[in-house]
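Undergrad: Here is how the chains run, residue by residue.
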Amino acid sequence: MMTSTESPILTPPEVPAGTPILEAKELKMHFPVRGGVTLRQVGAVKAVDGVSFHVNSGETLGLVGESGCGKSTLGKCLVRLHQPTAGSVRFKGKELSGMSQSALRPLRCDFQMVFQDPAESLNARMSVGQIIAEPLLVQKIGTRESRQKTVEELLNCVGLPKGAAQKFSFEFSGGQRQRIGIARALALNPDLLILDEPVSALDVSVQSQVLNLLMDLQNEFGLSYLFIAHDLAVVKHISDRVAVMYLGKIVELADADTIYTNPKHAYTKALLSAIPHPDPLRERTHKPLPGDVPSPINPPEGSAFGNRINHPNYEQTVGMDLSLVEIEPEHFVAADPCCLEAEDWAKVQSMRAL
Amino acid sequence: MSDHILEVRNLKTGFDTDSGQVVAVDDVSFSVPKGKTVGIVGESGCGKSVTAMSIVQLLPQPMGHILGGEIIFKGENLVGASSERIHSVRGGEIGVIFQEPMTALNPVHRIGRQITESILHHKKVSKREALVLAVEMLKKVGIPAPEQRVNEYPHQLSGGMRQRVVIAIALACGPALLIADEPTTALDVTVQAQILDLLKDLQRDMGMSTIMITHDLGVIAETCDEVVVMYAGRVVERASARDLFTNPTHAYTRGLLNSIPRLDNVRKSRLNTIPGQVASIMDFVPGCRFCQRMNREGETLQIRPSFEEIAPDHWVEACPVCVKTRDPLSV
Chain A
1323 MMTSTESPIL TPPEVPAGTP ILEAKELKMH FPVRGGVTLR QVGAVKAVDG VSFHVNSGET
1383 LGLVGESGCG KSTLGKCLVR LHQPTAGSVR FKGKELSGMS QSALRPLRCD FQMVFQDPAE
1443 SLNARMSVGQ IIAEPLLVQK IGTRESRQKT VEELLNCVGL PKGAAQKFSF EFSGGQRQRI
1503 GIARALALNP DLLILDEPVS ALDVSVQSQV LNLLMDLQNE FGLSYLFIAH DLAVVKHISD
1563 RVAVMYLGKI VELADADTIY TNPKHAYTKA LLSAIPHPDP LRERTHKPLP GDVPSPINPP
1623 EGSAFGNRIN HPNYEQTVGM DLSLVEIEPE HFVAADPCCL EAEDWAKVQS MRAL
Chain B
1465 MSDHILEVRN LKTGFDTDSG QVVAVDDVSF SVPKGKTVGI VGESGCGKSV TAMSIVQLLP
1525 QPMGHILGGE IIFKGENLVG ASSERIHSVR GGEIGVIFQE PMTALNPVHR IGRQITESIL
1585 HHKKVSKREA LVLAVEMLKK VGIPAPEQRV NEYPHQLSGG MRQRVVIAIA LACGPALLIA
1645 DEPTTALDVT VQAQILDLLK DLQRDMGMST IMITHDLGVI AETCDEVVVM YAGRVVERAS
1705 ARDLFTNPTH AYTRGLLNSI PRLDNVRKSR LNTIPGQVAS IMDFVPGCRF CQRMNREGET
1765 LQIRPSFEEI APDHWVEACP VCVKTRDPLS V
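Taken in order, these protein sequences are the chains called A and B. Numbers given in my numbering equal positions in the first sequence, counted from 1, plus 1322. Numbers given in my numbering equal positions in the second sequence, counted from 1, plus 1464.
Keep in mind that the hints were calculated from the coordinates and are not lab data. Owing to the predicted nature of the structure, the values given are computational and were not obtained by experimental measurement. Treat the hints loosely; a few may be bogus.
Away from chain A, derived, C-beta distances all over 12 Å, residues of chain B [claimed, not checked]:
no., residue
1, M1517
2, I1684
3, G1719
Below, in silico cross-link-like pairs of lysine-lysine (DSS-like), each with a Cα-Cα straight-line distance of 25 Å or less [said to hold, decoys possible]:
no., chain 1, residue 1, chain 2, residue 2
4, B, K1591, A, K1609
5, A, K1414, A, K1484
6, B, K1538, B, K1498
7, B, K1538, B, K1603
8, B, K1538, B, K1476
9, A, K1609, B, K1500
10, B, K1588, B, K1538
11, A, K1489, A, K1462
12, A, K1591, B, K1591
13, B, K1591, B, K1603
14, B, K1664, A, K1609
15, B, K1587, B, K1604
16, A, K1462, A, K1398
17, B, K1604, A, K1609
18, A, K1591, B, K1732
19, A, K1416, A, K1350
20, A, K1462, A, K1484
21, A, K1609, A, K1591
Quick look at which bits of chain B chain A covers, simulated, 3 or more residues with Cβ under 8 Å [as the list claims (entries may be wrong)]:
no., region
22, 1536–1550
23, 1623–1629
24, 1675–1683
25, 1724–1730
From the three backbone atoms N, C-alpha and C, an ideal C-beta is built for every residue, glycine too.
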């Protein structure tokens, strides 16, 4: 499907591969909950509650979790579609979180977002050509003719015919619409794409086409991805490293193969065992996880997952430091006695004692 | 005959549109054995939901019509039955679980009222007795503190709990057949696992048969005894779950099985895809519609392939190209 090998509009990033392009530190996003007659703030939805990670140049970081765990909010915080409550986001070494919108706008060329539902994220009143050219227009790049040429090249990049530029998005199927969304995100030659559930709304056969396209684009142009999804099989396939999120916090982060073969956190294990396997001869070994993700409005004071599974040691975790520790090289897990095997917990304690 | 609770024979369902009539379900036949689960799998727009909604005659009105065929439920043809008869079957002997629990439930009525509605319609009981039955149903589907929950509204429940309520409504009258239309698509994986386990347990306890409609082959593999694969309004393959996953025969079934990312795949390897996309319902060819997707030419597009039994209880739409070619979609 890929035809252009040397596209002048897409160039590799200047950040060398393997070094962090995006870093988040202790990022928090709390939404106020108002009540009473005076609409005083009576609480907060702690959608993202102290998250630290980085995305290396040229890699894909997968972010998984159940609905309501804050993964989409995190994605939006990173590109400043939300103003984070606290914490820092550094992109190519520049601090984004306190920056004014006007200072931020030129930087937006280098990080773009692809949204979940292409039917809703594409304007039905604009032609596909206008949709893809709009980022260029906002950034005042090129002339009308040069923009038209860029649009054609981008359409070619994502495997759509040239004539698509004159059509409207609703004339396309779901998979093709998502290609349009990707073309729009690529228009400004970004180095980082935040992909928020880019294939969740697609059928399986089309989903694999779009995943292949994303992998091709990454190989060709050295793009970095933050890939947000709830489908663990998809995330494993496309990611280099995977972060598992639960109730606003990252509970485990490791190399993609490691997290699937040697998960440490009880929640990661539960998620993995819940995936239905397309093999009728396989017996499911684990009991399904009881309960639902608790509300982020009044999260449990101790270990959120320990609370969900009614762990006997839950009381012990109230007030405890449950932050990530590097239990094995490049394998981070929340230091939570409710969610770790006894030997892993012992290891964490001995590491902390040092 | 008697060991099948439901037989669908040559069902044809169409819709009136501005540009003429379109046929969404074209000559579909399958049967549901007593106490078993039959899965209908296919991509969006393949007609799987329309097939199910034809059985309970919940087609959008006035556009949707059953154009032909028979739906034999317990020896009685439901096509052409009076609307009174359909009313007593639907929700009584045939229960339905809809996909999105938030839209299937009425937001302005309490849970209890929504469950008792079908009980009061189908059984001769007082309101008080119906409410007792509703509480019992809620307990059965695993809702904690059901006595309080009956007085709550849908928005007070989580997604998984709402789906349990929808299941309670579907099962309230002890149906012989349950139609589950994408019952877990809107749910998270951990909740999905809970709901699938619940459905399995309830099916065993109540001895019902189930039609499970889904696009997720993982769900099919975990729950179904038999599988019907639909493509573009037709059944392309029908077999036991074991046969279908070990010996998929139609090129579409193989393509579908191959294109799912699996946990044991090599990371970042290229995924197999089915090229192209499903043709618009307006442009369906009379012949093999998968050949149409693959941009093939020739007589397979003109002549509808016959439906053949290639092994005991393993049926396939025997398009000479789609069944013989092992490339490029071979397993």
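Undergrad: It remains to establish, for every hint, whether it holds in the given structure.
TA: Status of the hints after comparison with the structure:
no. : hint               : verdict
1   : M1517              : holds (20 Å)
2   : I1684              : violated (8 Å)
3   : G1719              : violated (6 Å)
4   : B:K1591 to A:K1609 : violated (38 Å)
5   : A:K1414 to A:K1484 : violated (34 Å)
6   : B:K1538 to B:K1498 : holds (10 Å)
7   : B:K1538 to B:K1603 : violated (29 Å)
8   : B:K1538 to B:K1476 : holds (20 Å)
9   : A:K1609 to B:K1500 : holds (23 Å)
10  : B:K1588 to B:K1538 : holds (23 Å)
11  : A:K1489 to A:K1462 : holds (24 Å)
12  : A:K1591 to B:K1591 : violated (46 Å)
13  : B:K1591 to B:K1603 : holds (18 Å)
14  : B:K1664 to A:K1609 : holds (14 Å)
15  : B:K1587 to B:K1604 : holds (19 Å)
16  : A:K1462 to A:K1398 : holds (24 Å)
17  : B:K1604 to A:K1609 : holds (18 Å)
18  : A:K1591 to B:K1732 : holds (22 Å)
19  : A:K1416 to A:K1350 : holds (18 Å)
20  : A:K1462 to A:K1484 : holds (23 Å)
21  : A:K1609 to A:K1591 : holds (11 Å)
22  : 1536–1550          : violated (count 0)
23  : 1623–1629          : holds (count 3)
24  : 1675–1683          : holds (count 5)
25  : 1724–1730          : holds (count 5)
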